[in-house]
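**Student:** Here is how the chains run, residue by residue.
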Amino acid sequence: GIQVEQSPPDLILQEGANSTLRCNFSDSVNNLQWFHQNPWGQLINLFYIPSGTKQNGRLSATTVATERYSLLYISSSQTTDSGVYFCAVPASGGSYIPTFGRGTSLIVHP
Amino acid sequence: DGGITQSPKYLFRKEGQNVTLSCEQNLNHDAMYWYRQDPGQGLRLIYYSQIVNDFQKGDIAEGYSVSREKKESFPLTVTSAQKNPTAFYLCASSSAGGEAFFGQGTRLTVV
Chain A
32 GIQVEQSPPD LILQEGANST LRCNFSDSVN NLQWFHQNPW GQLINLFYIP SGTKQNGRLS
92 ATTVATERYS LLYISSSQTT DSGVYFCAVP ASGGSYIPTF GRGTSLIVHP
Chain B
358 DGGITQSPKY LFRKEGQNVT LSCEQNLNHD AMYWYRQDPG QGLRLIYYSQ IVNDFQKGDI
418 AEGYSVSREK KESFPLTVTS AQKNPTAFYL CASSSAGGEA FFGQGTRLTV V
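Chains as they are written, first to last, in the numbering used here: chain A, 32 to 141; chain B, 358 to 468.
Any given hint could turn out to be false.
Selected chain B positions facing chain A (in silico; Cβ < 7 Å) [as the list claims (entries may be wrong)]:
(1) Pro396
(2) Leu400
(3) Asn441
(4) Phe445
(5) Gly462
Some residues of chain A that are not near chain B, with every Cβ distance over 12 Å (derived) [what the hints assert, rightly or not]:
(6) Gln37
(7) Ala48
(8) Ser59
(9) Asn61
(10) Gly72
(11) Gln86
(12) Leu90
(13) Thr93
(14) Tyr104
(15) Ser106
(16) Thr110
(17) Asp112
(18) Val115
(19) Ile128
(20) Arg133
Estimated spans, in silico, between C-beta atoms of each pair [as the list claims (entries may be wrong)]:
(21) Glu46/A with Lys427/B: 42 to 50 Å
(22) Ile138/A with Thr443/B: 24 to 32 Å
(23) Asn49/A with Lys427/B: 15 to 23 Å
(24) Asp416/B with Thr110/A: 31 to 39 Å
No wet-lab data here; the hints were simulated from the structure.
Since this is a predicted model, take the numbers as computed values, not measurements.
Every residue, glycine too, gets a C-beta built ideally from N, C-alpha and C.
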């Protein structure tokens, strides 16, 4: 099946810093999502971004499907950004069954 | 409000017992999924269903069972055959090929 690798595995920032999280995948995809898992375990949808660039406030994401990667940018980080960030891609061509990377754990210190 | 509801939020199971986790959605999605998450790990697929009355095993289906009798509901039973059931369980749904949405999860502990 498709392999999903996220980097870095852990990230520690001071409030106000910027960061870039990366998601590499081993096969072409027609669907990609970014999620934020909050301290209570809930997965919050950030972006549904098969290709191109999207922005939502301080967060933006870019997917370059032909080169098999996606980037999540966090600007002016806040303590509430802490948690784990996951990307998910389809397990295989055809129906979308989300397959997850191991995530990037982000801690933002005040 | 549309969404996915999982219950209970916390569940305790004695060894040898079967327990059932509930997942209900009112998003009119055809596809539903169950994932397991262990501490510090990503999400692993247990079962998925793309249409009513049909479901398929995921990567770690042993010791689990599901049913999909209604479009809105996809309950997961953790059977006594699952030797290490303590974990966080997440249910999700999506339209065909579309964005997936998750419930708030059920934390299962063996006592």
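**Student:** Compare the structure with each hint and give your call.
**Tutor:** For each hint, the structure was consulted:
1. Pro396: 11 Å, violated
2. Leu400: 4 Å, holds
3. Asn441: Violated, because the Cβ-Cβ distance from Asn441/B to chain A comes to roughly 19 Å (cut-off 7 Å).
4. Phe445: 6 Å, holds
5. Gly462: 5 Å, holds
6. Gln37: 8 Å, violated
7. Ala48: About 24 Å separates Ala48/A from the closest Cβ of chain B, which puts it past 12 Å; holds.
8. Ser59: Since the minimum Cβ distance to chain B is about 15 Å, Ser59/A lies beyond 12 Å and the statement holds.
9. Asn61: Answer for Asn61/A: violated, closest chain B Cβ roughly 7 Å.
10. Gly72: 5 Å, violated
11. Gln86: About 17 Å separates Gln86/A from the closest Cβ of chain B, which puts it past 12 Å; holds.
12. Leu90: 16 Å, holds
13. Thr93: About 18 Å separates Thr93/A from the closest Cβ of chain B, which puts it past 12 Å; holds.
14. Tyr104: 20 Å, holds
15. Ser106: 24 Å, holds
16. Thr110: Fine: 21 Å to the nearest Cβ keeps Thr110/A off the interface.
17. Asp112: About 19 Å separates Asp112/A from the closest Cβ of chain B, which puts it past 12 Å; holds.
18. Val115: 9 Å, violated
19. Ile128: It is violated; Ile128/A is separated from chain B by about 6 Å at its closest Cβ, not greater than 12 Å.
20. Arg133: 4 Å, violated
21. Glu46/A with Lys427/B: 42 to 50 Å: Given range 42 to 50 Å: holds, Cβ gap about 46 Å.
22. Ile138/A with Thr443/B: 24 to 32 Å: 25 Å, holds
23. Asn49/A with Lys427/B: 15 to 23 Å: 46 Å, violated
24. Asp416/B with Thr110/A: 31 to 39 Å: 35 Å, holds
Of the numbered hints listed earlier, those contradicted by the structure are 1, 3, 6, 9, 10, 18, 19, 20 and 23.
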